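Q: If you read the protein sequences in the order shown, they are chains A and B. Mapping to numbering that gives the first Met the number 0: the first sequence position 143 is 142, numbers consecutive. Mapping to numbering that gives the first Met the number 0: the second sequence position 138 is 137, numbers consecutive.
Simulated from the structure, these hints should not be mistaken for laboratory data. It is possible that some hints are incorrect.
To be verified - Okay, derived cross-link-like pairs now, SDA-like style, lysine to any residue, Cα gap no bigger than 20 angstroms in a straight line: (1) Lys246(B) with Val179(A); (2) Lys79(A) with Ile32(A); (3) Lys148(A) with Val193(A); (4) Lys57(A) with Gln85(A); (5) Lys246(B) with Ala33(A); (6) Lys348(B) with Met305(B); (7) Lys246(B) with Ala38(A); (8) Lys84(A) with Trp90(B); (9) Lys246(B) with Gln85(A); (10) Lys57(A) with His387(B); (11) Lys57(A) with Val135(B).
Stated by the list, open to error - One-sided and incomplete, this derived list gives chain B residues near chain A with beta-carbon spacing under 10 angstroms: (12) Val57; (13) Ile60; (14) Thr62; (15) Asp87; (16) Asn89; (17) Ala97; (18) Gly248; (19) Gly252; (20) Trp331; (21) Leu332.
What the hints assert, rightly or not - Facing chain A, a subset of chain B residues (Cβ under 10 angstroms, in silico): (22) Val61; (23) His83; (24) Ile84.
Since this is a predicted model, take the numbers as computed values, not measurements. Where is the CB? At the ideal position from N, CA and C, for every residue including glycine.
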Amino acid sequence: MADTAATANTEIPVVPVDDGASDGVRRRDFINIAALSTAGVGGAAVLLPLISQMAPSKDVLAESTTEVDVSAIETGSAIKAVFRKQPLFIRRLTPEEMAAADAVPTDSLRDAESLEDRTKEGHRDVLVTMGVCTHLGCVPLGAAEGEVKGEFGGYFCPCHGSHYDTAGRIRKGPAPTNLVVPEYAFTSDTTITVG
Amino acid sequence: MSFPWARQYEPKTGLTKFLDEKLPLPRFVYNAVGAGYPVPRNLNYMWNFGVLAGFFLVFQIVTGVVLAMHYAANAEVAFATTEHIMRDVNWGWLMRYAHANGASFFFIVVYIHIFRGFFYSSYKAPREMIWLLGVVIFLLMMATAFMGYVLPWGQMSFWGAKVITGLFGAIPLVGEPIQIWLLGGYAPDNAALNRFFSLHFLLPFVILGVVILHIWALHIPGSSNPTGVEVKQESDTVPFHPYYTAKDGFGLGIALLALFIMVFFLPNALGHADNYIEANPLSTPAHIVPEWYFYPFYAILRAFTMDFILPAKLWGVLAMFSAILMWFFLPWLDRSPVRSGHYRPLFRKFFWFGLIPTMAALFYLGGAPAEEPYVMLSQIFTAYYFLHFLVIIPIVSQIERPEPLPYSITEAVLGSDKKAVLGENTEPAV
Numbered sequence: 000m001a002d003t004a005a006t007a008n009t010e011i012p013v014v015p016v017d018d019g020a021s022d023g024v025r026r027r028d029f030i031n032i033a034a035l036s037t038a039g040v041g042g043a044a045v046l047l048p049l050i051s052q053m054a055p056s057k058d059v060l061a062e063s064t065t066e067v068d069v070s071a072i073e074t075g076s077a078i079k080a081v082f083r084k085q086p087l088f089i090r091r092l093t094p095e096e097m098a099a100a101d102a103v104p105t106d107s108l109r110d111a112e113s114l115e116d117r118t119k120e121g122h123r124d125v126l127v128t129m130g131v132c133t134h135l136g137c138v139p140l141g142a143a144e145g146e147v148k149g150e151f152g153g154y155f156c157p158c159h160g161s162h163y164d165t166a167g168r169i170r171k172g173p174a175p176t177n178l179v180v181p182e183y184a185f186t187s188d189t190t191i192t193v194g
Numbered sequence: 000m001s002f003p004w005a006r007q008y009e010p011k012t013g014l015t016k017f018l019d020e021k022l023p024l025p026r027f028v029y030n031a032v033g034a035g036y037p038v039p040r041n042l043n044y045m046w047n048f049g050v051l052a053g054f055f056l057v058f059q060i061v062t063g064v065v066l067a068m069h070y071a072a073n074a075e076v077a078f079a080t081t082e083h084i085m086r087d088v089n090w091g092w093l094m095r096y097a098h099a100n101g102a103s104f105f106f107i108v109v110y111i112h113i114f115r116g117f118f119y120s121s122y123k124a125p126r127e128m129i130w131l132l133g134v135v136i137f138l139l140m141m142a143t144a145f146m147g148y149v150l151p152w153g154q155m156s157f158w159g160a161k162v163i164t165g166l167f168g169a170i171p172l173v174g175e176p177i178q179i180w181l182l183g184g185y186a187p188d189n190a191a192l193n194r195f196f197s198l199h200f201l202l203p204f205v206i207l208g209v210v211i212l213h214i215w216a217l218h219i220p221g222s223s224n225p226t227g228v229e230v231k232q233e234s235d236t237v238p239f240h241p242y243y244t245a246k247d248g249f250g251l252g253i254a255l256l257a258l259f260i261m262v263f264f265l266p267n268a269l270g271h272a273d274n275y276i277e278a279n280p281l282s283t284p285a286h287i288v289p290e291w292y293f294y295p296f297y298a299i300l301r302a303f304t305m306d307f308i309l310p311a312k313l314w315g316v317l318a319m320f321s322a323i324l325m326w327f328f329l330p331w332l333d334r335s336p337v338r339s340g341h342y343r344p345l346f347r348k349f350f351w352f353g354l355i356p357t358m359a360a361l362f363y364l365g366g367a368p369a370e371e372p373y374v375m376l377s378q379i380f381t382a383y384y385f386l387h388f389l390v391i392i393p394i395v396s397q398i399e400r401p402e403p404l405p406y407s408i409t410e411a412v413l414g415s416d417k418k419a420v421l422g423e424n425t426e427p428a429v
């Protein structure tokens, strides 16, 4: 605009600024660092609820134990239960199956565990494992009547061909570890509590 | 547009140079809210509320997306999943209270932003488009907030949905079919709840889009300021960063403090106890009102009680929508060449002693029961509300003698000392 041109050569007066630097620390630097640090800590604290809201909620955690009556399982057969929305296999082993499991040298296994390690004392015929293949999470076959039990007479995962033996141990195929034995305990002679 | 003295972005590191060639996002941010955007040096705290509104939009989207992870929009379980969020979900209570009170704060901030616009006449040329887009944002916000309030499927949710869709039933001839179509049934039920959830998720992103246009339109003339005098020279402005990032950051800190006092200590103060009773299509709560941020318009709706050519119900609905839609015409209703209320003695009187008490009264009356004297008071204040915008503002802008304006923003800040008015080597704005 033309009316501003006439005064365009005047100067802005220089005002001395007291920046409080006499002791080497500028007041403004202090405020700046304090404010940004507070904002940073606050921002980081916001992440806690935003992340943990996606973790299992209280109603999901409340379903985290399962009671199963194992008295009705006949020798040589298995039942499927549900533990934390996943299949749980409970199998009553025959003496032959136990003998087959004991016959394998533990050292020769990919995941070295004996049948004793995988069952409870006094109940070595009750094998409790997750029905979740340790390869990529499919449900192995072999728990229900007439299903393929794999080359080692235990479980066979049809997805990628993992063979488990009568103690639920990985013997052949891509799975890295034995079928997981969940935390459980006999709460009576016939009942187990899983989880 | 930016002023010719705006600082230029210069990428320094390898990465920013690479980005500047391929996708100049850092340059865009620098020019939009960084040191490359010169802003009038005299903005007061009223100018914080645009940034705050943008913050609360993002806040609502973040907390809302979290809530949607745990909520189920089904009339059978919606109320139960809301309680599930409150009791079972980790930090769910915080997310829900933050979202519910965040909505109130979004409206507080936007109301202040709008009334800042009224007082400083921010709607006037060359900023009409910013104003028009702002009114669109406000309408979208109202629709979004209304549909969000239906989702918990409590008594107020249900009856709010019924009453608000009932407004469309006032339209002659096609009203009732439209209402049934909106609800997907004869009363709010699963169909309505599902579509409200879908739209409640969609509309905030539509708002975000319009907000981007709003800011784009703002950056063409640049921000207005409390004097209403346009920027003339470099000494009238300071870079947005660090001056206004710091000032807005301070305001944001205060706003968050206030919000979380509400969230932690008064989380239900702005809500209604009846909404903790599950929706019951057979029983209407005794005192049914919308959320507080709709009170003024609810008061206007209820002010029409007599048939006059058209049925009273239709008058109420028309008045309620007109109360906001007429804001679209404000840039052309107010013909005064002076923007700021600081230099308009008569306009200022009608703002402080007319519009503001009227809005305060309508806020109160919208939440009061539908009985005397509240109905009559609603009628009086509704009449003033429309008179203010349609009669008083046009007449005042014709007859008023404004006070003398400062030559420039710099002069308004530093006084009329010749030396202070213009910096050396300053090029006037084009």
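Q: Could you check the structure against the hints above and give me the numbers of any it violates, in ascending order?
A: Hint check: 1, 2, 3, 6, 8, 9, 10, 11, 12, 13, 20 and 21 fail, others pass.
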